[in-house]
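K.L.:
Given next are the chains, with one letter for each unit.
Number of protein chains: 2
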Amino acid sequence: MSAHPATPNGCQGTPRSFGNALPVLNEIRHALEKLVTTGEETRIDLSALPFGPGDLDRLTDWLGTGEVEATVDALGPTRVQETAIPGVWLVDYHNSEQQRLTLHIEVAPVPEILRPQPQDLADALNQLDARLEQETGTTPLSS
Amino acid sequence: MSAHPATPNGCQGTPRSFGNALPVLNEIRHALEKLVTTGEETRIDLSALPFGPGDLDRLTDWLGTGEVEATVDALGPTRVQETAIPGVWLVDYHNSEQQRLTLHIEVAPVPEILRPQPQDLADALNQLDARLEQETGTTPLSS
Numbered sequence: 001m002s003a004h005p006a007t008p009n010g011c012q013g014t015p016r017s018f019g020n021a022l023p024v025l026n027e028i029r030h031a032l033e034k035l036v037t038t039g040e041e042t043r044i045d046l047s048a049l050p051f052g053p054g055d056l057d058r059l060t061d062w063l064g065t066g067e068v069e070a071t072v073d074a075l076g077p078t079r080v081q082e083t084a085i086p087g088v089w090l091v092d093y094h095n096s097e098q099q100r101l102t103l104h105i106e107v108a109p110v111p112e113i114l115r116p117q118p119q120d121l122a123d124a125l126n127q128l129d130a131r132l133e134q135e136t137g138t139t140p141l142s143s
Numbered sequence: 001m002s003a004h005p006a007t008p009n010g011c012q013g014t015p016r017s018f019g020n021a022l023p024v025l026n027e028i029r030h031a032l033e034k035l036v037t038t039g040e041e042t043r044i045d046l047s048a049l050p051f052g053p054g055d056l057d058r059l060t061d062w063l064g065t066g067e068v069e070a071t072v073d074a075l076g077p078t079r080v081q082e083t084a085i086p087g088v089w090l091v092d093y094h095n096s097e098q099q100r101l102t103l104h105i106e107v108a109p110v111p112e113i114l115r116p117q118p119q120d121l122a123d124a125l126n127q128l129d130a131r132l133e134q135e136t137g138t139t140p141l142s143s
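Line order of the protein sequences matches chains W and H.
Residue numbers for the first sequence follow my numbering, beginning at 1 and rising by one.
Residue numbers for the second sequence follow my numbering, beginning at 1 and rising by one.
Because the hints were derived from the structure by calculation, they are not lab data.
One or more of the hints may lead you astray.
[Stated by the list, open to error] What the simulated footprint calls covered on chain H by chain W, stretch by stretch (three residues with Cβ under 8 Å from a Cβ of chain W suffice, anywhere in the stretch; the number is not a length):
(1) 25–39
(2) 59–73
(3) 77–87
(4) 102–109
[Stated by the list, open to error] SDA-like mimics (lysine to any residue), calculated; alpha carbons at most 25 Å apart, straight line:
(5) K34(H) to K34(W)
(6) K34(H) to G54(H)
(7) K34(W) to T136(H)
Here the structure is a predicted model, which is why all the values come from computation and not from measurement.
For glycine and all other residues, C-beta sits at the position ideal for the given N, C-alpha and C.
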């Protein structure tokens, strides 16, 4: 994946400051170090920070776009976008009316919302057994 | 996520057999047990199996559709679809001409293609440091 996304000012020719995005960049840097050295994951709630819309756009431009994008269709759609920095993800939560609920940066190998919980896996095995037994026992995988 | 997708025959009223899909369902079941008990992941290359197109459709219908779908845009697009069974994923590899290269079932918390390698994370930290130093040192996050 590209580790060199377009620099924030591209071709626009208008000087811009990173404003409130700079502390977040430093926080991302420390979170990534923690992930690499200890495996600990970090979530940063961007909605809770005093961003102007311009700051947020400059931050996401700077982080760039990686190879993976995902959608999780639960109560409302959640859009997951890998940034150009491996291990740094944007996770954008919406409600069923497509309004943004919150926007997180997640520093993790894979965002938590893409991973089943261990209990889900154990339940899945029981459900699969039940379905297989039903279909192969009474109607042998046909109907 | 729904663990009860539509049964394969839906409203079609035509009896169907699972044919060559049945051994695969049993293989998935054993792979899921192995994942739950030992954490070991399994990949099943469906392209290598003697499926007719009908068998493959019946298998994917039976597995159903989960909440997560993802696209990985590398050499060609790879489409990842969670099935209705947590931990069981379809991973569909295409080349840049949109031709299917291979189709895998992956039994894992998250398919490998969605996860960065540990070395990618370490490299990412170095790249991020270099970019931050460059921008805050010479042009302090503005231009």
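K.L.:
Run every hint past the structure and note whether it holds.
P.N.:
Hints, one by one, checked against the model:
Given as covered by chain W, the segment 25–39 of chain H passes the check, having 8 residues with a CB less than 8 Å from a CB of that chain where 3 are the minimum. Residue count for the segment 59–73 of chain H with a Cβ under 8 Å from a Cβ of chain W: 7. That meets the three needed, and the coverage hint holds. Counting residues of the segment 77–87 of chain H whose beta carbon lies closer than 8 Å to any beta carbon of chain W gives 4, which meets the minimum of three for the stated coverage. Figure legend: the segment 102–109 of chain H, annotated as covered by chain W; annotation inconsistent (1 residues with Cβ-Cβ distances under 8 Å, at least 3 required).
With a C-alpha separation of about 31 Å, the suggested pairing of K34(H) with K34(W) is violated against the 25 Å cut-off. The straight-line distance between the Cα atoms of K34(H) and G54(H) is roughly 28 Å, outside the 25 Å bound, and the hint therefore fails. As the CA atoms of K34(W) and T136(H) are separated by approximately 21 Å, the hinted pair is consistent with the 25 Å bound.
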